[in-house]
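Keeping their order, the protein sequence lines are chains X and A. In terms of my numbering, the first sequence has 24 at position 24, counting the first letter as 1, and numbering is strictly consecutive. When you read off a place in the second sequence, starting at 1, and then add 246, the result is the number in my numbering.
Hint data in this document are derived by calculation from the structure and do not stem from the laboratory. Values in this document were obtained by computation on a predicted structure and should not be read as measured data. Ideal placement from N, C-alpha and C gives every residue a C-beta, glycine not left out. Any given hint might turn out to be false.
One side of the interface only, derived from the structure: several residues of chain X facing chain A at Cβ under 8 Å [stated by the list, open to error]:
(1) Arg23
(2) Ser42
(3) Glu115
(4) Asp118
(5) Ala119
(6) Ile122
(7) Met123
(8) Gly124
(9) Val125
(10) Glu171
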Amino acid sequence: MSYINSIGKYFGMLRYVFSRPERLKVYHTRTFNEIEIIGLNSIGIVAILSVFIGAVISMQTAANMTSPLLPKYTIGYITRSSTILEFSPTIISLILAGKVGSNIASEIGTMKVTEQIDALEIMGVNSLSFLILPKTIAAMFFFPFLIIFSMGLSLVGGYVAVTATGLSSHEEYVFGIRSFFLVSDITYALFKTVCFAFIIVTVSSFFGYYTKGGALDVGKSSTQAVVWSSICILLTNFILTQLILL
Amino acid sequence: MIEVKNVNKSFGDNHVLKEFNATFEPGRVNLIIGQSGSGKSVLTKCIVGLMEIDGGQILFDGNDFSKMNRLERKEIRKEIGMLFQGSALFDSLTVEENIMFPLTMFTKMSKKEMLDRANFCLERVNLEGRNKLYPAECSGGMQKRIAIARAIAMNPKYLFCDEPNSGLDPSTSIVIDNLIKEITYEYNMTTIVITHDMNSVIEIGDSIVFVYGGRSWWYGNKEDIIKTDNPEINDFVYASQFMKNLKNKLKQEGM
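Okay, chain A solo, but in the shape it has when bound (with noise of 0.2 Å):
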C-alpha cells in the first residue's frame, strides 16, 4: 500500500501539490485523473523519488520514503515498475535485453533463466517471438507492451503508468487497459495509473483520485464518477457539449 500524507511541492512560487492525501492500495488499479496542468506528473515523481517533496510524507507499506537514504530508496526502487508515457525503452538494445535489464543489473540469474523470464514477460503481453526486435521497429502500442514487459519483469509490488494511453487508438488502448487490470489483479500490485483518458477510468478505475489545482479533490471509483454532481468533476469528464446535453439526458430518464 502507498499512502501520500499532506505533501507538498513548489516550484519558486508555483505551489504545484497543496496538503495532497491520497492512499493505494494493493490488487486495485489507482487512477490519478485531472487536468492538464493540475500536479498530476508531479505527484507520480514525488512518489517514486525523482522529484523530492517540500512536505509531508510517501509511505511504501509504511515505511516514509521521503525520510530514505540513497541505498533505502534504491531497495525500495528494485519493487517497483514504471511504464513511462513515451515507453522510455532503451533504443542500443533489443526487446529481449531492455526486458532482461533489470535483471542483469541485480539479480544473480543464469543468462538462460533471464532469457526465460524474458520470455514468460513477453508471452504475458502477447509478443512472443518479438525478441531480437530493436524498440525503433514497434508500433507506439508493442513499444507500450515491451515497456510493461520490462516493468514486470522483476515482480514488483507497485506499478506506476504515466498515461499508458497516450499517442494510441482506441482499440489498443484498450488492450493496454487490460493488460494493466489483469496483472494488477494477478500479482496483487498496487497499481497507480494517471490518465486523461475516460474510456480507461470506465474500463480499470477500481479506485479514482481526481487532482484540482493540486490538491486531491475528490475520490471514488468508476460508478461514483458517473453520478457524482461535483462540478468540477463534471466539468472534466463531461467536458463536451455533446456529453454534456448526454448526461442531461439520462439524467430526465431517470438512469
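Chain X on its own, in the form it takes in the complex (with noise of 0.2 Å):
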C-alpha cells in the first residue's frame, strides 16, 4: 500500500514541478548552473568508463570469436552495436543514477532537514518547481550531448585496445563499426538517454524532498533514490526495448 502511496505522491509532485514558473529569468539562470553541476561535472567519469567499457567489449567480442567463419569486422560492428544501443545509454545513465542522482537528493534532502525548502515555501515560491525543474531541463538536454560523447570514446577505447593487441586490423575494425549502420539506432539511443535522465532527476529529487529527520534520514534518502532510479531506469529500458525495437 505504502508503494502506491509514494507512486500517486510521485506524480502529485510532478504536478507542481511543472507548474507555471514565478520567474523565468531567475529559472534560466538557475537552469545554466546546473548543466554545469550535473552535466559538465560528470563528463571525467563519463570519459573513463566509456573508453574502458569499448575496450572491454571489443577484446571480450575478439575472445569469444572461436569460429573462422566470422569476419573480423564482427570486432568492430559488435562493439558498435552494444555500445550505442545498450551501454551508453544504459549503463552510462545508471552511473550517473549514482552520482548525480545522490547528489541531487542529499542536497534537498540537506535543504529540507534544515528548513530552507519551508523558507523558499513560506516566501511564496513553488519549492518543487523552483528546485526541481531547472534540474529536469538541465539533465533532459545534457546528458544526450553525454551520451554521444560517450559512445564516440567507446568506440575509440575498442579500436585502441583490439590493434594495441593485434586482435583486430585498423582497416576491419573500422570497416565493422561502419557496417549495416542504422540511424535510428542512435534515435533509439538518445530517446532513451532523456526518458532516463528525467528519471534520475523526479525520482533523486523525490527522494530528497519528502525527507524527513535528520542527517541520517538524508543519508538513507540518498541511498533510495540510487535504488530506485537504477530500477525505474532498467524497467523502462526493457519497456522501451520492447516497445521500439522488437
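Quick one: dock chain against chain with the hints and give me the complex.
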C-alpha cells in the first residue's frame, strides 16, 4: 500500500514541478548552473568509463570469436552495436543515477531538514518547481550530449584495445563499426537517454524532497534515490526496448 | 492582525491543538510560550500554512487563510517574513544574495535597487560590509541577524520568529530580542515570537499566550506573567528550585 501511496505522491509532485514558474529569468540562470553541476561535472567519469567499456567489449568479442567463419570486422560491428544500443545509454545512465542522483537527493534532503525548503514556501516560492524543474531540464538537455560523447569514446577505446593487442587491424575495425549502420539506433539511444535523465532527476528529487528527520535520514534518502532510480531505469529500458526495437 | 479561532490539529490519535484561540495585534511583539511538545511550533506552521488545520479559522486581517487557494496564499505569504530556529539561510548563496532572494523572485527592482535594499537591511541588523560572506562563514548570532535582514527585505506585514535565541549566548540573545522589538515598532508589524527563553519574555513580551496541552491556557503581558498565581505558568516560569525560592522571598517581602 505504501508503494502505491508513494507512486501517487510522485505524480502529485510532478504536477507542481511543471506548474508555471514565478520568474523565468531566475529559472534560466538556475538551469545553466545545473547544466554545469549535473552535466559538465560528469564528463570525467563518463569519459573514463566509456573508454574502458569500449575496450573490454571489443576484447571480449574478439576472445569469443572462435569460429574462423566469422569475419574480423565483426569485432567492430558488435562493439558499435552494443555501445550505441545498450552500454552508453543504459550503463552510463546507471552510473549517472549513482553520481547525480545521490547528489540531488542529498542536496534537496539537506535543504528539507534544515528548513530551507520551508523558507522558500513561506516566501511564496513554489519550492518543487524552483528546485526540481531546472535540474530536470538541464539533465534532459545535456545527458544526450554526454551519451554521444560516451559512444564516441567507447568506439575509440575498443579501437585502441584491439589494434594495440593485434586482435584486429585498423581497416577491419573501422569497416566493422561502419557496417549495417542504422541512424534509428542513435535516435533510439538518445530517446532512452532523455527518459533516463527525467527518471534520475525526478526520482532522486522525490526522495530528497520528502526526507523527514536529520542527517541519517538524508543518507537513507540518498541511497533510496540511487536504488529506485536504477530500478526505474532498468524497467523503462526493458519497456522501451520491447516497444521500439521488437 | 492575525486571529486564531478554535483551531484543531491532530496527528493520528495525537490531538496537538485543541480549540486554540489567540489574537496577535500589529505593532506589538506577541509571544507564544510553553513547554516543549505543547504545540507551539505546530501552531506557527498552521498559521503560515506549512501544515493544514483540521478545524477552525486563521484570519489575516479578517481574511480566512485556511480557506484560501494556493495563489491567494501565495499573495499573503509575500507579506510574511519568517526567522527559523536554524536560520534556514541558503547555503549556496552569499549573505547579500540571501537577502536579495525574495526581491529577485517577486519584485521588478533593478540590480542596483536590490543591492541598496540589501545594504539597508544589513545596516539595520548591524552587519554592514558582510555582503560577500557565505552563511557557513558566519557565527550563529550573525546567521540569525542575516535571517532577520532577509525576513524584512520585502517590508513584511507579519513577522514570525521560531525560537530566535536558541543556541545563542545571553548577550547575543538580548541583541536579537532588541532587534525584533525595534523593527516591530518601526514598521508596525504583527510579530509572533515562539520562545522558551524567560529573558526574552521579560524583555520583549508585549502580549503573551501560554500554550498548555495544546490549548491557549493563559493570556497576559510581561508584568502579568510575574504576578500570576496560575500554577501551570508558575511551573513553567519558575521551573528551578532557585527561582521558586526567589519568588517566595519576593512575595514575603511584598514585592
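Quick rundown of the hints versus the structure:
Interface hint status for Arg23/X: upheld, as the beta-carbon distance to the closest one in chain A is roughly 5 Å, under 8 Å. Evaluation of the Ser42/X hint against chain A yields a violated restraint, the C-beta minimum of about 19 Å exceeding 8 Å. Look at Glu115/X: its Cβ gets to within about 4 Å of chain A, closer than 8 Å, so that hint holds up. Below 8 Å, beta-carbon pairs count as interface contacts, and Asp118/X has one with chain A at about 6 Å; its hint therefore holds.
Given hint, Ala119/X at the interface with chain A, holds; its Cβ is 4 Å from that chain's nearest Cβ, closer than 8 Å. Annotation: interface hint on Ile122/X holds; nearest CB of chain A at approximately 5 Å, less than 8 Å. With a least beta-carbon distance of about 5 Å to chain A, the hint placing Met123/X at the interface is held under the 8 Å criterion. The criterion of a C-beta within 8 Å of any C-beta in chain A is met by Gly124/X, whose closest approach is roughly 4 Å, and the hint holds.
A least Cβ separation of about 6 Å between Val125/X and chain A falls short of the 8 Å threshold, and the interface hint therefore holds. Contact between Glu171/X and chain A, as hinted, is not supported at the beta carbon level, the nearest pair being about 52 Å apart and thus beyond 8 Å.
The structure shown violates the earlier hints numbered 2, 10.
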